[in-house]
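Listed below are the residues making up each chain.
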Amino acid sequence: MIFQMIKKQFLQFLRNPVEILLLIGLPIILITILGNALGNLIDGGEVDLTFKLALIEHEDEALQVENFVTELGSGDLPDEVITEIAAIAESLAPIETFKEVLHSEELNDMIIVEEAYARELDAIKADDSYATIIEFPKNFSADVLENILLDGEMNPEVIIHYKAGSEIAGNIIQQIVTMYQEEYTLGTFLGNNGIDPQQLQKMGTESKQEVSSASLHEPVSAKAYYTIGMIVMNVLFMATTIAQYAFRERQSHIFNRMIIADFSRWVYFIGILLNALIFAWIQALFVYIFAYFAFDVIWPNLPDFLIVTCFFTLAVGGLAVLLTAISFRSNSEQIISFFSGVVVTIFAFLGGSFFPSGTGSFLQKLGDYTPNGAAMSAYLSILRGETIADNIDHLVFIACFAIGAIIIGVISYPKRGAAS
Amino acid sequence: MLELIDITKKYKQTKAVKNMNMYIEKGEIVGLLGPNGAGKSTAISILSSLLEPTSGDVKFENKSMIKNPKSLRQIVGIVPQEIALYEDLSAEENMKFFGRIYRLKGKTLKNKISEVLEQIGLTDRRKDIVKTFSGGMKRRLNIGVAMLHDPEILIMDEPTVGIDPQSRNYILQTVKRLNKDRQMTVLYTSHYMEEVEYLCDRIYIMDKGNLIASGTKDEIKQILASENTISLKADHWNERFITNLRENPQIHQMKVDGNEIVLVVSKDVNIFSKLAHLAEEANVQLRAVDVKQVTLEDVFLHLTGRALRD
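Residue numbers (numbering that gives the first Met the number 0), protein chains in the order written: chain A, 0 to 419; chain B, 0 to 309.
Wrong hints could be hidden among the right ones.
[To be verified] Far from chain B, some chain A residues (derived; all Cβ distances over 10 Å):
#1 K51
#2 L71
#3 N107
#4 E134
#5 I253
#6 I258
#7 A260
#8 A293
[To be verified] Cβ-to-Cβ under 8 Å is the rule here; a few derived chain A residues that face chain B:
#9 M0
#10 F9
#11 L10
#12 R14
#13 N15
#14 Q180
#15 S251
#16 H252
#17 N255
#18 R256
#19 M257
#20 I259
#21 D261
#22 S263
Hints in this document: simulated from the structure, not taken from any laboratory. Heads up, the beta-carbon is just placed ideally off N, CA and C, and yes, glycines get one too.
Starting from the given sequences, assemble the full structure and let the hints guide the process.
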């Protein structure tokens, strides 16, 4: 009898091409769009972020340093100290050091730095070819030196301008300036407290090496990522589709006909479970096969991939049972519409279907508590070359979710026919 | 054979069925008549074990069916008011599916499908998808599916709603034939009193959850034995004439239906001269005055003060 339910569902799908198009065609379209649109960000491809920066000094730095040293002499500092501070001041030269940062190898390809006079400021502001402008105000370097070397109270500020539409460039410059200021502040702090900055650098390097070990695994391409992302999201729609078909059976009194034929309600919802499971499997398989041929998404370990699919489609089956039971009990399709319209979107967002949420991030941890998120993590891990043993926690969660959904569904199932 | 004993069904504060008693004997066609919302479908759902009553009992061959309806379900076929079919499947695929649900298989199922399709006149359309059928054909298939397992009792909930007269006649004749040829017991609900009059041996009339009358057609009509039903016809009526009729104490019931006015009056009273006088006074030209045969509609009007399809 369960076979009859599956056969009937198959025939219904077969005669509703729009439904098939939505369930199979939509994920394929989304994979293509998202894979291409956001591919560069995931694949680490080159994104053109080159921009032009104008650097304006309102006062010559060498002159400022000279004035600073001269003023040292007018104070009551001993001569030896004055000589030492003057030597440090000449070597520090904050604006020059900042220019060196901008001309460094890392930034040279991204930022085209052009130095300009203060009188040219208005013209530069009107010139659209400049994305950002940095102004060093009068007495900037002298104030910085006084702040660092003489514990001065002046807090000199760099002025940053960026054009409308160049927010990314503005943001990058802002971050560089902030980092630069922090370096200076840290250097001053360490100097004042007698800590060797070399020692700190060493610790930082060690820590970086540890973080980079994650990239030892196979990289996942954008199309592979979105193949998984869209499948784990769209397969959830199979649960709502099956629940919708079941609710229509209830509305049209077909379910009552089955109850009067003494068709066990247990058999009925085993049928719902298997329908969702089998058709979710077929749906996923179609998209994966398409992705294999169209986007070269190849699974390094097919049995592991199939095991994850089995677990995930079981969760989809559990969801179908739960949605069917609640809609039967409430005599309303609202729960199904709410799930497909709102919950699937939230699950997809948390699960990382739209964009990578970052390894170990809060969002990813939260996403792993959704069936699609857990399945996605397991799929990605297998695609990176890990095994099913590395994903036991995800599979256990998916299985628990499926069993929980089935149990709640069973409890809330109406005891008699739809009329009750 | 099948009995409803003191059945009450409450939905929160509303009583859909109130202390209903009813019995159905083997081989008879019983009609359940009542307007929309009378409680017919609730009564049927209780009778067919889909719904548990708030109080009372359903007995099949003297055994309570409330807790264990299995034996009743095996011999009941239900034709719901709705088209309980898969619209995307063909007539034959629908029959196969429901036949399997009724645990028929192999040659038995195949033969049964052919037999039922023949009975409902859909043999030529067996391979066609149900959504391409007319309303009447869907109704016939709806009945056919309920007959697949040769039920002893066929419960039909308004099976002719919204179909053309030709299909309606076909269905009524099919029900008559099933009852005559196979001794099939039928419970037939409708708000078309002419269908119930044509088909049924005994009739129950429901209104607002209450059984208000029961018996054979003649027994029910006897309720109006002491009264006459008079039909007046004219090209048009005026307010004065209608008001005069309403205010006349000798007229028990009155219904205005276009050019016709139906009056229920006591047999003992000679109302004709009075009617002629009232018409003349109101300047109404009466075209015909007839004493009508009592119909179930008249009885319903008499008992509830409103028409069945109000």
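Consistency of the hints with the structure:
1. Chain B leaves K51/A outside its interface by the beta-carbon criterion, the shortest separation being 63 Å against a cut-off of 10 Å.
2. Chain B leaves L71/A outside its interface by the beta-carbon criterion, the shortest separation being 92 Å against a cut-off of 10 Å.
3. Taking the minimum C-beta to C-beta distance to chain B, about 65 Å, the non-interface status of N107/A holds against the 10 Å cut.
4. Its beta-carbon lying about 72 Å from the closest one in chain B, E134/A satisfies the requirement of being farther than 10 Å from that chain.
5. Under the 10 Å C-beta cut-off, the non-interface status given to I253/A relative to chain B is violated; the minimum distance is some 5 Å.
6. At roughly 6 Å from the closest C-beta of chain B, the C-beta of I258/A falls inside 10 Å, breaking its exclusion from the interface.
7. With a least beta-carbon separation of about 5 Å from chain B, A260/A fails to lie farther than 10 Å from that chain, contradicting its non-interface assignment.
8. The Cβ of A293/A sits about 30 Å from the closest Cβ of chain B, beyond the 10 Å cut-off, so the non-interface label holds.
9. For M0/A, the shortest C-beta to C-beta distance to chain B is roughly 6 Å, which falls under 8 Å, so the interface hint holds.
10. Hint status for F9/A: violated, given a least beta-carbon distance of 11 Å to chain B, over 8 Å.
11. Checking L10/A against chain B: minimum C-beta separation of about 6 Å stays under 8 Å; hint holds.
12. Checking R14/A against chain B by beta carbon gives a least distance of about 4 Å; that is within 8 Å, so the hint holds.
13. Because the beta carbon of N15/A sits about 7 Å from the nearest beta carbon in chain B, less than 8 Å, this interface hint is met.
14. About 69 Å separates the beta-carbon of Q180/A from the nearest beta-carbon of chain B, more than 8 Å, and the hint is not met.
15. Hint on S251/A holds. Least Cβ distance to chain B is approximately 5 Å, under the 8 Å limit.
16. With a cut of 8 Å, the hint placing H252/A at the interface with chain B holds, because the nearest CB-to-CB distance is about 4 Å.
17. Because the beta carbon of N255/A sits about 6 Å from the nearest beta carbon in chain B, less than 8 Å, this interface hint is met.
18. Taken as an interface hint, R256/A checks out: its beta carbon lies about 5 Å from the nearest beta carbon of chain B, inside 8 Å.
19. Hint status for M257/A relative to chain B: holds, with the closest Cβ pair at about 6 Å, below 8 Å.
20. Interface hint status for I259/A: upheld, as the beta-carbon distance to the closest one in chain B is roughly 5 Å, under 8 Å.
21. Because the smallest distance between the Cβ of D261/A and any Cβ of chain B comes to about 4 Å, under 8 Å, the interface hint for this residue holds.
22. Residue-level restraint check for S263/A is violated (minimum Cβ-Cβ distance to chain B is 11 Å; threshold 8 Å).
Of the numbered hints stated above, those contradicted by the structure are hints 5, 6, 7, 10, 14, 22, listed in ascending order.
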